[in-house]
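S.K.: This is what each chain is made of:
Number of protein chains: 2
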Amino acid sequence: MKPLILITNDDGYAARGLKVLTEVAREFGDVVVMAPEQNASAKGLSLTTKVPVRVREVQQEKGLHVYACDGTPVDCLKLAYEHFCPRRPNLVLSGINHGSNSSINVLYSGTMGAVIEATVLGVNAIGFSLLNHSLEADFEPSRPIVRHIVGHVLKHGLPADVALNVNIPRLTADEIKGIRLCHQASGKWLDSFEKRVDPIGRPYWWLTGKFVCNEPPDTSDEWALMHGYVSVVPIHTDYTHYPAIGELKNMEL
Amino acid sequence: MKPLILITNDDGYAARGLKVLTEVAREFGDVVVMAPEQNASAKGLSLTTKVPVRVREVQQEKGLHVYACDGTPVDCLKLAYEHFCPRRPNLVLSGINHGSNSSINVLYSGTMGAVIEATVLGVNAIGFSLLNHSLEADFEPSRPIVRHIVGHVLKHGLPADVALNVNIPRLTADEIKGIRLCHQASGKWLDSFEKRVDPIGRPYWWLTGKFVCNEPPDTSDEWALMHGYVSVVPIHTDYTHYPAIGELKNMEL
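Residue numbers (our numbering), protein chains in the order written: chain A, 57 to 309; chain B, 57 to 309.
I should point out that these hints are in silico values taken from the structure, not numbers from a laboratory.
Watch out, some of these pointers could steer you wrong.
It does not matter which identical chain is used: a pair holds within one copy or between any two.
[Claimed, not checked] Simulated crosslink set (DSS-like; lysine-lysine; CA at most 27 Å straight-line):
(1) K118 x K211
(2) K75 x K244
(3) K211 x K266
(4) K251 x K211
(5) K58 x K106
(6) K305 x K106
(7) K233 x K75
(8) K251 x K233
(9) K266 x K75
(10) K118 x K106
All of these numbers come straight from a predicted model, not from anything done at the bench.
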């Protein structure tokens with residue numbers, strides 16, 4: 057039986073990055089897509105709890121079924137996994153995100169939230185992001201990268217409980233130097249809220265921000281991307297800092 | 057100068073757990089609270105991007121300033137840290153959450169999302185959760201636990217880039233056996249969406265779920281909680297699975 061690949065994203069079901077990812081995935085197997093009705097960027101692993109979610113069938117043809125859902129990316133992933141996949145998926149893909157999810161951005165990303173959820177559920181998962189926020193971003197140089205990594209993971213699998221965070225630099229196919237396994241760069245967003253005043257004089261605050269990267273040593277994803285490489289960061293869902301367990305023993309009662 | 061403690065949560069500014077946490081924090085220093093206007097559970101590290109957020113002053117007295125914000129817990133944390141703290145906070149606290157954030161729940165929790173964001177910003181941070189979802193939960197047995205851990209962290213600090221996820225069992229003060237440093241238990245939520253039909257016959261899906269824990273070995277937070285201990289899991293914000301970098305080298309191009 058062909059592999060079944062479940063796909064989502066956070067830019068919404070109509071995003072061009074999702075379409076490219078779907079096209080490449082179909083080279084490998086049957087595909088189910090469930091993606092948000094609208095852009096759901098920066099939703100992290102947010103879940104919809106107070107209200108129900110709805111699902112709408114968008115497209116159905118041989119080997120492809122596309123749904124839109126008004127929940128978050130993690131809602132999409134969980135719901136599709138449990139109720140809209142004809143069999144257990146062999147692989148979850150998320151993206152291709154319009155914009156970077158390198159470094160600390162993995163924490164906030166809805167695209168990567170769905171990848172993390174898939175990992176919790178025990179399914180191999182890969183998130184793809186292109187360093188170009190534009191709706192008209194050129195995803196053509198991304199195709200062979202996605203093809204290589206998806207093919208590799210379908211063939212060789214991934215270590216247990218490990219998913220991949222793949223970021224692709226905004227370069228032509230010729231300019232991309234290769235693919236590098238990396239660790240997540242340390243960084244943070246500062247100056248994150250801008251104060252404004254509404255037409256009747258009341259203050260409001262709008263998210264903005266300036267990304268500050270504290271590295272790069274030459275093994276981080278930021279370094280790889282700045283030097284023309286595709287970065288692949290293996291991530292996991294155990295947030296425990298194991299050395300600190302011992303260091304903090306004197307806190308016990 | 058007294059320590060400044062910044063507090064948030066995901067149950068909302070009016071939650072009783074937040075009030076108890078604020079009272080204990082005031083024993084140690086000046087306190088700024090910025091918490092969501094409404095319940096914002098399961099928001100993870102979600103950020104508000106499409107619309108602005110508003111802030112409302114709720115209470116001001118000597119050594120205490122309380123604000124409500126209509127953003128997510130991470131919005132609250134970032135905005136308060138940058139614009140509503142009179143000086144850099146020495147410590148961030150989040151909670152006391154009404155309900156567990158042990159095991160994999162740390163991934164979805166808004167309470168813990170704010171703790172993770174504080175860690176990104178380089179501030180020592182602790183999230184507290186009580187294993188009781190009720191609005192009328194009894195937080196009295198939590199007070200000495202919170203007091204001990206806050207006092208310890210203010211005195212001794214935390215390892216760099218490490219925060220604490222503290223969960224308190226639903227027991228009386230006498231029944232609580234002690235405090236244990238733990239790792240995050242492996243687990244997952246299954247059967248997560250229930251299908252229903254609305255009054256005009258259209259289907260909808262509502263989040264529910266059954267928690268399945270794959271452990272416990274005797275060092276996990278689930279084990280500690282089940283055996284009457286407060287669990288303290290040191291967490292960090294680097295999701296990299298370092299051993300996998302080497303294992304996946306053959307994926308490079």
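S.K.: Let me make sure I understand: some of the numbered hints might not hold for this structure. Which ones are they, in numerical order?
M.R.: Those not satisfied are hints 2, 3, 4, 5, 6, 8, 9, 10.
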